[in-house]
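Colleague: Quick mapping for you: the protein sequence lines, in order, are chains C and E. Numbered as in full-length UniProt numbering, the first sequence ends at 352 without a single skipped number. Numbered as in full-length UniProt numbering, the second sequence ends at 352 without a single skipped number.
What the hints contain is simulated information worked out from the structure, not anything from laboratory work. Fair warning: there could be bad hints in the mix.
Unchecked claim - Only some residues are given here: those of chain E computed to face chain C with a beta carbon under 10 Å:
1. Ala65
2. Lys80
3. Gly115
4. Ile148
5. Gly149
6. Thr152
7. Lys155
Here a beta-carbon is modelled for each residue, glycine too, at the ideal position from N, C-alpha and C.
Protein chains: 2
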Amino acid sequence: METIQSNGYNIYFEDSLTQLVKFIEQGKYSRSFVLTDENTSVHCLPLLQQYLGEDGNYDLIEINAGEESKNIDFCVGVWKMLIDFGADRKALMINLGGGVITDLGGFVASTYKRGIDFVQIPTTLLSQVDASVGGKTGVDLDSIKNIIGTFTQPKAVFMAAEFFKTLPDRQILSGLAEMLKHGLICDAAYWDKLKTSDLSLPSLELVHRSVEIKNEVVTEDPHEHGIRKALNFGHTIGHAVETYSMLHDSDPLTHGEAIAVGMVCEAWLSNKKAGLSDAELAEIVEVFGKLYPKHKIADDSYPALFTLMQKDKKNQGNKINCTLLTRIGQFSIDNICTEDELCDSLRYYTTL
Amino acid sequence: METIQSNGYNIYFEDSLTQLVKFIEQGKYSRSFVLTDENTSVHCLPLLQQYLGEDGNYDLIEINAGEESKNIDFCVGVWKMLIDFGADRKALMINLGGGVITDLGGFVASTYKRGIDFVQIPTTLLSQVDASVGGKTGVDLDSIKNIIGTFTQPKAVFMAAEFFKTLPDRQILSGLAEMLKHGLICDAAYWDKLKTSDLSLPSLELVHRSVEIKNEVVTEDPHEHGIRKALNFGHTIGHAVETYSMLHDSDPLTHGEAIAVGMVCEAWLSNKKAGLSDAELAEIVEVFGKLYPKHKIADDSYPALFTLMQKDKKNQGNKINCTLLTRIGQFSIDNICTEDELCDSLRYYTTL
Ligand SMILES: NC(=O)c1ccc[n+]([C@@H]2O[C@H](COP(=O)([O-])OP(=O)(O)OC[C@H]3O[C@@H](n4cnc5c(N)ncnc54)[C@H](O)[C@@H]3O)[C@@H](O)[C@H]2O)c1
Ligand SMILES: NC(=O)c1ccc[n+]([C@@H]2O[C@H](COP(=O)([O-])OP(=O)(O)OC[C@H]3O[C@@H](n4cnc5c(N)ncnc54)[C@H](O)[C@@H]3O)[C@@H](O)[C@H]2O)c1
Ligand SMILES: [Zn+2]
Ligand SMILES: [Zn+2]
Numbered sequence: 001m002e003t004i005q006s007n008g009y010n011i012y013f014e015d016s017l018t019q020l021v022k023f024i025e026q027g028k029y030s031r032s033f034v035l036t037d038e039n040t041s042v043h044c045l046p047l048l049q050q051y052l053g054e055d056g057n058y059d060l061i062e063i064n065a066g067e068e069s070k071n072i073d074f075c076v077g078v079w080k081m082l083i084d085f086g087a088d089r090k091a092l093m094i095n096l097g098g099g100v101i102t103d104l105g106g107f108v109a110s111t112y113k114r115g116i117d118f119v120q121i122p123t124t125l126l127s128q129v130d131a132s133v134g135g136k137t138g139v140d141l142d143s144i145k146n147i148i149g150t151f152t153q154p155k156a157v158f159m160a161a162e163f164f165k166t167l168p169d170r171q172i173l174s175g176l177a178e179m180l181k182h183g184l185i186c187d188a189a190y191w192d193k194l195k196t197s198d199l200s201l202p203s204l205e206l207v208h209r210s211v212e213i214k215n216e217v218v219t220e221d222p223h224e225h226g227i228r229k230a231l232n233f234g235h236t237i238g239h240a241v242e243t244y245s246m247l248h249d250s251d252p253l254t255h256g257e258a259i260a261v262g263m264v265c266e267a268w269l270s271n272k273k274a275g276l277s278d279a280e281l282a283e284i285v286e287v288f289g290k291l292y293p294k295h296k297i298a299d300d301s302y303p304a305l306f307t308l309m310q311k312d313k314k315n316q317g318n319k320i321n322c323t324l325l326t327r328i329g330q331f332s333i334d335n336i337c338t339e340d341e342l343c344d345s346l347r348y349y350t351t352l
Numbered sequence: 001m002e003t004i005q006s007n008g009y010n011i012y013f014e015d016s017l018t019q020l021v022k023f024i025e026q027g028k029y030s031r032s033f034v035l036t037d038e039n040t041s042v043h044c045l046p047l048l049q050q051y052l053g054e055d056g057n058y059d060l061i062e063i064n065a066g067e068e069s070k071n072i073d074f075c076v077g078v079w080k081m082l083i084d085f086g087a088d089r090k091a092l093m094i095n096l097g098g099g100v101i102t103d104l105g106g107f108v109a110s111t112y113k114r115g116i117d118f119v120q121i122p123t124t125l126l127s128q129v130d131a132s133v134g135g136k137t138g139v140d141l142d143s144i145k146n147i148i149g150t151f152t153q154p155k156a157v158f159m160a161a162e163f164f165k166t167l168p169d170r171q172i173l174s175g176l177a178e179m180l181k182h183g184l185i186c187d188a189a190y191w192d193k194l195k196t197s198d199l200s201l202p203s204l205e206l207v208h209r210s211v212e213i214k215n216e217v218v219t220e221d222p223h224e225h226g227i228r229k230a231l232n233f234g235h236t237i238g239h240a241v242e243t244y245s246m247l248h249d250s251d252p253l254t255h256g257e258a259i260a261v262g263m264v265c266e267a268w269l270s271n272k273k274a275g276l277s278d279a280e281l282a283e284i285v286e287v288f289g290k291l292y293p294k295h296k297i298a299d300d301s302y303p304a305l306f307t308l309m310q311k312d313k314k315n316q317g318n319k320i321n322c323t324l325l326t327r328i329g330q331f332s333i334d335n336i337c338t339e340d341e342l343c344d345s346l347r348y349y350t351t352l
């Protein structure tokens with residue numbers, strides 16, 4: 001599998017941790033710091049240690065797992081550890097974890113002494129196929145996601161499918177939704193391949209194709225003006241469903257599970273408004289139906305869901321801008337949808 | 001006075017607040033936010049309001065005055081106000097104040113929603129001649145200065161000498177030290193001009209020349225590898241004196257007052273080691289002697305001062321790297337000084 005060149009850095013697939021060792025040697029860093037969370041310390045660090053050695057070659061900084069850690073207080077904690085360890089401008093930060101670790105670690109590194117080098121080792125499917133490309137770092141504030149952050153590219157990204165072995169099934173499903181999205185918006189052949197693959201433990205080849213697609217989209221439109229909106233497919237409704245679930249459900253949906261709901265609804269809208277055929281809609285519904293458990297959307301939640309869609313930063317005022325499919329493998333941006341249409345699509349999902 | 005072009009942005013001198021109004025109009029910003037501290041709200045905001053209008057055209061965010069505010073807690077406060085005001089990605093932040101406001105405001109803006117536009121209106125002499133150029137933003141953590149920050153250029157800088165009228169004398173003297181430094185390292189004619197000017201209220205022409213000099217140095221060496229070290233003249237000893245004073249004096253030295261002490265000491269070292277003539281040393285001593293009150297340096301503080309010099313990020317290990325003068329208007333970097341030499345220079349200052 002070829003190394004992918006993103007915005008000034010490489011994303012390694014083949015033998016990637018050997019590449020990491022080379023990268024560190026060539027970088028002449030004063031010191032390496034590995035950032036983990038409680039889970040990746042247990043499940044992912046041992047593999048890394050086989051390459052870096054167990055002692056003396058780096059300092060370890062561990063934070064609590066989960067989105068609740070993705071805030072400024074934890075940044076201050078990590079900054080202070082870097083200070084205590086005497087990290088200077090030639091230090092390297094190695095972020096080993098899911099999107100929380102790579103987003104927070106990237107932000108901390110991009111602001112420590114006005115920026116030190118960092119590399120990403122994403123250990124969840126979602127962070128490999130999504131967070132690894134695009135240069136977004138960030139943390140939450142006042143429960144607003146990613147409101148504080150920078151655009152800073154890592155110096156390299158290292159992928160390994162070994163990490164998936166310890167991932168809970170729902171984490172696999174979460175990343176898978178973004179992969180299915182990549183197929184739906186840009187590459188019908190990839191979508192077909194996903195349909196027929198064993199998706200309980202996705203292969204690195206599949207990850208590679210997803211990263212390629214996201215990389216192409218992001219490189220063409222680094223500042224989210226045009227075609228990057230393609231990546232929003234499923235997200236207008238999905239984000240609202242995700243936030244609503246977080247506020248109301250005892251066991252909330254993951255990001256990908258919510259996006260899966262959103263993609264079914266927005267596929268229906270695509271069929272109504274953008275030319276997606278009945279057969280293609282049926283196919284999309286079938287694929288998601290097999291993979292994802294049905295989510296209950298109560299009738300009386302529609303107004304709240306619509307309000308959430310309006311608040312989404314990608315929309316202005318009353319009009320809700322959706323990215324839809326003209327057919328499988330092809331998207332169309334800036335489709336204005338009304339409240340009625342959006343609620344009808346939720347209703348459609350409910351009847352399935 | 002000509003507008004100075006720095007790294008992708010303009011620094012306006014002539015009619016600068018009229019230029020600001022134009023800048024805002026052309027920028028099509030969704031909203032402007034003015035950041036002030038208690039003092040600049042009183043002394044500087046009224047002038048700005050004459051141009052922006054008093055009501056409705058911007059939201060005001062005020063923080064406490066002083067270096068104690070330059071930390072992450074105050075950043076969180078400002079970020080939350082931006083959120084509460086509904087600031088979006090097309091918002092503009094206008095930092096109206098001294099270096100604390102321009103450094104903190106720049107950092108907050110460069111990280112809010114991964115970066116919104118900001119402009120600087122520096123209101124102290126120090127912030128006009130120094131902080132306005134170079135793209136450094138930042139805040140302190142654990143009393144380590146500027147340890148968290150970014151390199152982000154403002155979209156424009158607007159200078160006005162009117163602000164100096166309300167500045168305390170010691171704040172004038174603080175900025176003046178950097179101006180004298182600019183003359184000493186790069187421009188003998190400017191140094192001569194400063195010597196014969198009324199420096200109780202420096203003219204915008206003088207500020208302009210200082211900004212030009214700093215801009216040339218920084219543009220040639222954006223990442224502090226070579227000639228940017230010229231700007232360190234007086235700072236090796238000056239920083240140590242500043243920190244020591246902060247820790248021990250009831251009324252600590254300002255940055256510039258400490259740098260003035262440092263420049264006298266380092267002029268003596270320049271005479272001993274780098275070719276500065278006896279006459280030039282005498283001239284430098286006389287100019288600083290007239291402008292700055294004598295600072296007491298106790299004999300038993302020398303070891304502590306030397307330790308502080310060693311900790312300075314610009315040095316490695318035992319060797320202390322100084323920028324010295326070969327003559328007035330010409331510098332030489334990377335002069336290695338021993339503990340004895342440095343202490344002798346402090347002793348020299350004390351005997352004056
Ligand atoms: N920067 C971007 O462009 C981008 C893109 C998408 C998502 N994100 C961010 O990513 C975050 C979500 O990503 P995520 O789902 O990876 O979150 P996460 O980092 O919270 O990981 C999910 C859970 O899996 C655990 N885990 C990680 N790797 C494991 C492994 N190999 N084995 C067992 N457990 C493991 C983690 O400890 C955590 O409990 C969100 O904060 C989101 O904002 C960022
Ligand atoms: N970014 C850079 O390149 C750079 C360069 C030099 C200094 N700095 C930073 O700048 C800071 C020091 O700058 P400073 O001395 O301007 O600090 P400051 O902002 O604290 O200002 C000094 C005092 O003057 C008050 N003040 C400001 N303008 C006034 C006016 N017009 N009239 C009356 N009072 C006024 C302030 O409220 C404050 O009390 C430090 O934090 C330093 O790290 C940054
Ligand atoms: Zn997503
Ligand atoms: Zn200085």
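Colleague: A closest beta-carbon separation below 10 Å is what the hint needs, so does Lys155/E meet it against chain C?
Modeller: Violated. Min distance 15 Å.
Colleague: Minimum Cβ distance from Ala65/E to chain C below 10 Å?
Modeller: violated (23 Å)
Colleague: Less than 10 Å between beta-carbons is the criterion; does Gly115/E satisfy it with respect to chain C?
Modeller: Status holds, d = 7 Å.
Colleague: Interface hint check: Lys80/E, Cβ to nearest Cβ on chain C, cutoff 10 Å. Holds or violated?
Modeller: holds (6 Å)
Colleague: Per the CB criterion, is Gly149/E less than 10 Å away from chain C?
Modeller: Holds: closest Cβ of chain C sits about 5 Å from Gly149/E, inside 10 Å.
Colleague: Can we keep the Thr152/E interface hint, with Cβ of chain C closer than 10 Å?
Modeller: This interface hint holds because 9 Å falls under the 10 Å limit.
Colleague: Does Ile148/E pass the interface check with chain C, least Cβ-Cβ distance below 10 Å?
Modeller: With a minimum Cβ separation of about 5 Å from chain C (threshold 10 Å), the hint on Ile148/E holds.
Going down the numbered hints, you'll see the structure goes against 1, 7, while the others check out.
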